[in-house]
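Residue numbers in the sequence shown follow this note's numbering, run continuously in steps of one, and reach 102 at the last position.
Everything labelled a hint here was simulated from the structure, so no lab data went into it.
From the three backbone atoms N, C-alpha and C, an ideal C-beta is built for every residue, glycine too.
There could be a bad hint or two in this list.
Computed beta-carbon distance windows for the label pairs [to be verified]: (1) Ser-45 to Ala-89: 29 to 39 Å; (2) Ala-89 to Gln-8: 13 to 23 Å; (3) Ala-94 to Ile-73: 15 to 25 Å; (4) Ser-92 to Asp-46: 41 to 51 Å; (5) Thr-4 to Trp-91: 32 to 42 Å; (6) Trp-91 to Ala-40: 28 to 38 Å; (7) Gln-8 to Ser-92: 12 to 22 Å; (8) Glu-90 to Ile-5: 35 to 45 Å; (9) Asn-6 to His-39: 26 to 36 Å; (10) Asn-85 to Pro-19: 10 to 20 Å.
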Amino acid sequence: MKVTINGQPRTLFGQGNGPIDAACHALPGPWRIRQYEEHALGQGSDAQAIAFIQLEQHPCRPRSGVGIHEDIITASLHALMAAINRCLAEWSPADRRTLFLD
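Kindly generate the complete structure, drawing on both the sequences and the hints.
Quick look at the structure:
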């Protein structure tokens with residue numbers, strides 16, 4: 001997975017029982033999925049998908065994220081990142097820096 005952290009491009013690797021679980025393991029942090037849902041936003045093979053993810057992890061309260069994309073995996077990754085960003089918004093700058101140090 002290629003991401004940008006603090007303005008620096010990075011390639012992260014993770015393993016799991018699927019792409020979303022692997023992304024949780026690849027991203028630095030204590031991320032665990034509490035709930036996951038996906039739905040089509042229309043009919044047919046060109047319909048967009050929407051994904052909802054709720055994280056359950058200390059030190060933040062459960063936080064949710066939503067992603068929409070033509071590809072359900074991409075929609076799910078967008079939802080995961082939205083939930084993580086909401087959680088990180090509650091952390092102090094010092095805690096966020098510690099999480100993303102090499």
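To see whether the hints hold, each was checked on the structure:
1. A C-beta distance of roughly 36 Å is found between Ser-45 and Ala-89, which places it inside the suggested range of 29 to 39 Å.
2. Under the hint 13 to 23 Å, the C-beta atoms of Ala-89 and Gln-8, about 20 Å apart, fit the expected range.
3. In this structure, Ala-94 and Ile-73 break the distance hint of 15 to 25 Å, their C-beta atoms being roughly 34 Å apart.
4. In this structure the hint that Ser-92 and Asp-46 lie 41 to 51 Å apart at CB holds, the actual value being about 44 Å.
5. Our hint of 32 to 42 Å for Thr-4 and Trp-91 is violated, since their Cβ atoms are close to 18 Å apart.
6. In this structure the hint that Trp-91 and Ala-40 lie 28 to 38 Å apart at CB holds, the actual value being about 34 Å.
7. Taking the beta carbon of each, Gln-8 and Ser-92 are about 21 Å apart, inside 12 to 22 Å as hinted.
8. Range check, Glu-90 to Ile-5: about 18 Å between beta-carbon atoms, so the 35 to 45 Å window is missed.
9. Between Asn-6 and His-39 the Cβ separation comes to about 34 Å, which falls inside the hinted range of 26 to 36 Å.
10. At about 19 Å, the CB distance of Asn-85 to Pro-19 agrees with the hint of 10 to 20 Å.
In summary, the structure is inconsistent with hints 3, 5, 8 from the numbered list given earlier, while agreeing with the others.
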